[in-house]
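With the sequences and hints as input, model every part of the structure.
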Amino acid sequence: MDLELSEDQRSLKALVADFGRDWATSSDPAGQTSPDAWRRLAGLGVFELADVEVGTGGIVEQVIVAEELGRVLLGAQYAFTASYVVPLLSLATDGEIAPVILGNRRVSFAGSGRRVVSAGCDLSGEWDLVPGFEPTDAYLLVEDVGAVARIWLAAADDSGVSAEPLHDLDLGSTTVNLRFCQTPSWLVAEVPREQLVSSHQRARLLIAAELIGVAEAAIRAAAEYAKVRVAFGKPIGSYQGVSHPLAGSLAQLEGVRSLLYLTACHLEADTTDAAMLSLAVKARAGAVAVEATGRALHTFGGIGFTWEHPIHRYHRRAIAANATAGSSFELGHQLGLEALACLTR
Amino acid sequence: MRIEDTVEEAAYRNRVREWIATEGRDQWPTAAGRESAEERHWVQALQGAGLVGVTWPETYGGQGLSPGHEAIVAAELAEAGMPIPTSMGVGLNMVGPALLVHGSPEQQRQLLPAILSGAAVWCEGFSEPDAGSDLAAIRTRATSQPDGSYRVSGAKVWCSFAHASDWCLLLARTGAREHGSRAITCFLVPMTSPGVSVRPLRQITGESEFNEVFFDEVELPSSAVLDGPGRGWAVAMTTLFYERSRYHDQLAGFAVNLSGLARRVAADPKLRDDARVLERLAGAWTDLQIVRATMLRLGQERDPGGTTTAAGLALKLLWTGAIEGLTSLALDVLGPMAAVESSDETVDGHSWQRELFLAQMWAVAGGSTEIARSVLAEQSLGLPRSR
Chain A
1 MDLELSEDQR SLKALVADFG RDWATSSDPA GQTSPDAWRR LAGLGVFELA
51 DVEVGTGGIV EQVIVAEELG RVLLGAQYAF TASYVVPLLS LATDGEIAPV
101 ILGNRRVSFA GSGRRVVSAG CDLSGEWDLV PGFEPTDAYL LVEDVGAVAR
151 IWLAAADDSG VSAEPLHDLD LGSTTVNLRF CQTPSWLVAE VPREQLVSSH
201 QRARLLIAAE LIGVAEAAIR AAAEYAKVRV AFGKPIGSYQ GVSHPLAGSL
251 AQLEGVRSLL YLTACHLEAD TTDAAMLSLA VKARAGAVAV EATGRALHTF
301 GGIGFTWEHP IHRYHRRAIA ANATAGSSFE LGHQLGLEAL ACLTR
Chain B
1 MRIEDTVEEA AYRNRVREWI ATEGRDQWPT AAGRESAEER HWVQALQGAG
51 LVGVTWPETY GGQGLSPGHE AIVAAELAEA GMPIPTSMGV GLNMVGPALL
101 VHGSPEQQRQ LLPAILSGAA VWCEGFSEPD AGSDLAAIRT RATSQPDGSY
151 RVSGAKVWCS FAHASDWCLL LARTGAREHG SRAITCFLVP MTSPGVSVRP
201 LRQITGESEF NEVFFDEVEL PSSAVLDGPG RGWAVAMTTL FYERSRYHDQ
251 LAGFAVNLSG LARRVAADPK LRDDARVLER LAGAWTDLQI VRATMLRLGQ
301 ERDPGGTTTA AGLALKLLWT GAIEGLTSLA LDVLGPMAAV ESSDETVDGH
351 SWQRELFLAQ MWAVAGGSTE IARSVLAEQS LGLPRSR
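Residue numbers (the working numbering), protein chains in the order written: chain A, 1 to 345; chain B, 1 to 387.
Don't read these hints as lab results, they were simulated from the structure. One or more hints might be untrue.
To give a feel for the contact side, a few chain A residues facing chain B, derived at Cβ under 10 Å [what the hints assert, rightly or not]:
| id | residue |
| --- | --- |
| 1 | W23 |
| 2 | V60 |
| 3 | G248 |
| 4 | Q252 |
| 5 | G255 |
| 6 | V256 |
| 7 | L260 |
| 8 | L262 |
| 9 | Q334 |
| 10 | L337 |
| 11 | L343 |
Per the computed footprint, the stretches of chain B lying under chain A, defined by three or more beta-carbons under 8 Å from a beta-carbon of chain A, are [as the list claims (entries may be wrong)]:
| id | segment |
| --- | --- |
| 12 | 2-12 |
| 13 | 78-91 |
| 14 | 274-280 |
Some, not all, of what chain B presents toward chain A, calculated at C-beta under 7 Å [to be verified]:
| id | residue |
| --- | --- |
| 15 | A266 |
| 16 | T286 |
| 17 | I290 |
| 18 | A311 |
| 19 | L317 |
Note that the structure is predicted; figures quoted are calculated from it, not measured. In this text, a Cβ means the ideal position worked out from N, Cα and C, and glycines have one as well.
Here it is in structure tokens:
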């Protein structure tokens, strides 16, 4: 038993970290991931990790990628692509998956919606709060038919698609309310609904990883500022009122990172504990990251809550990612019920 | 990264389990008659089975195995509720490892086998009435004599199990106060030395595990110095590193207590439908997994010579937070019963109130929460010293 990164995993971490630094210095401050940046990310091979056809496992590697991308606020679309789009499209028999893995095609995952019906190849329905790319090439949608989930793919530029953009808190995300009216779509696969459960678990795990990256970057940025900002004749980082909240958050983050690795191993080994652990890691990562980025922002004083400094983007991202795929508030309750059942069994 | 044992580890785990279930069960001191002699006997039995000093060299009675094997033994003993007694843990888990790092070959030969056989119980003589968090401010003084020997005078406090100990790992000042931690030397002191006296202290739990220890002109040979004059601070840091990195037994107790609490909640409709209770129960379950996983992550990190990683420094804070969360939930759930101590609720039949008091102890033991945060701020975030 060990939770150490292997040498290959450490090189992957360094590779993605390099990419992230490069991206962070050259990126558009508005925060949207351009199609070109996405292609370069895909060029690192990060989506091959999620392709069940290519190889089994790879979950620990995905966690490493998500955490590193989180540090430069580039994680928003990665988790959904790796958890849903790649595994579900790889079920298709023809070559739909190849352009996704190469980063040439950006597919947004809409999940299950309301009033979803299909007639032949025409799909209608409503999907709210769909996190996606800007621009997006296609949508991947779920139609629930009893115990079966039909996975549909539709081109985003079809005239039957209406995507109403919402006002995103996170500047790197594009959330839309999606409406399909007899939109020509392509049936990718029909799978038992339980098959989506592992994707849900993976999404929670990867967003938790991203949150850890986001929060640690914010805490470290705040610590750098606390070393140079002087008040009452000393750097503010020498005051425990400033340093202890940052250190406390760092300790919490290290704890969630341990849980992250443990959960990744359990998902990879497909154990019975994986379900509860994936709830726990997302719930805790969300709560810890929102608090940590808030503390980081506070450390910057007045400039922290202006657009003069980018620290607010970390807090925005943490709040948005906590709200995605089950917040700490929702999952905490669900985990409580499951823990009660499990502990008294 | 893997959660499964290797084939070799699995076979080792099975052997450990088998011993625990058979011979171990027979030799485990019953709760009613537990006292120092029985605890020593238990350590002796463990040594017979090769379950103490797992990573120590074979020349000193150890097994020469990996930290992974040690983790297996610790986890299995804890799981069976048959841990290394706390009194023996000071020698086995803190002083022994420090001797392996800092001791001379003669000191190791002389002292390590007796720790493994249960013949020697150790205590720490670190804190003083006027030096706790600021350990470098200790006043106990060791004055060197013309013949190279030392005379030690001073008072130590919070010395766990000193009343039952054979040896003390003592920190004393051998240079000027202005030189702070650079003028501290560590001594290996037999508790039977003339001039050593012990006064037990009653703790908040009602038990007397703590002591004050007084040194009045205690004579020590130069061979009692560990790792050279002025090297005491390094020894103390190693010892504290080990003190802060092992919570196997505590975690096993935590898991039992958490299940007990869950049963109480499940039996009461008002509690089991209360969202606040469920959320805090989820938090306690998550804390348990987090501390477990962090210990697993640190499993290979056994060299205190280097800088301790952020995860290593965080572990103490995580454990303290976990135990505080669980015990405060338990007291809230008890309602009016929280004012009355009753037994058989928790592991070993102790009261929840005792567990709560122990949580408060953990927030101070091995360096207070505040000191841990300061060290983390300095070492892992590079922030300036606050003192």
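| Supplied contact hint for A/W23, tested at 10 Å Cβ to chain B | violated (25 Å)
| message | The hint names B/A311 as touching chain A; please verify it with the least Cβ-Cβ distance against 7 Å. | response | Hint on B/A311: holds, closest Cβ of chain A at ~4 Å, below 7 Å.
| query | Does the nearest C-beta of chain B fall within a distance shorter than 10 Å of the C-beta of A/L260? | reply | Nearest chain B Cβ about 8 Å off; hint holds.
| Per the CB criterion, is A/Q334 less than 10 Å away from chain B? | holds (8 Å)
| query | How about A/V256: closest beta carbon in chain B under 10 Å, or not? | reply | holds (7 Å)
| task | For the hint on A/L337, just tell me whether its beta-carbon gets within less than 10 Å of chain B. | result | holds (6 Å)
| task | Given that the segment 78-91 of chain B was listed as covered by chain A, double-check it with a C-beta distance under 8 Å for 3 or more residues. | result | violated (count 0)
| task | Would you check whether A/L343 satisfies its interface hint, that is, whether its CB is within less than 10 Å of any CB in chain B? | result | Since the shortest Cβ distance to chain B is 4 Å, the answer is holds.
| message | Three residues or more, CB to CB closer than 8 Å: is that satisfied between the segment 2-12 of chain B and chain A? | response | With 5 residues closer than 8 Å to chain A, the segment 2-12 of chain B meets the three-residue bar; holds.
| task | Would you check whether A/Q252 satisfies its interface hint, that is, whether its CB is within less than 10 Å of any CB in chain B? | result | Because about 8 Å separates A/Q252 from the closest Cβ in chain B, which is inside the 10 Å limit, the hint holds.
| said: Interface hint check: B/L317, Cβ to nearest Cβ on chain A, cutoff 7 Å. Holds or violated? | reply: holds (4 Å)
| Interface hint compliance - A/G248 to chain B, C-beta minimum distance less than 10 Å | Nearest chain B Cβ about 6 Å off; hint holds.
Hints 1, 13, counting from the list given before, are not met by this structure.
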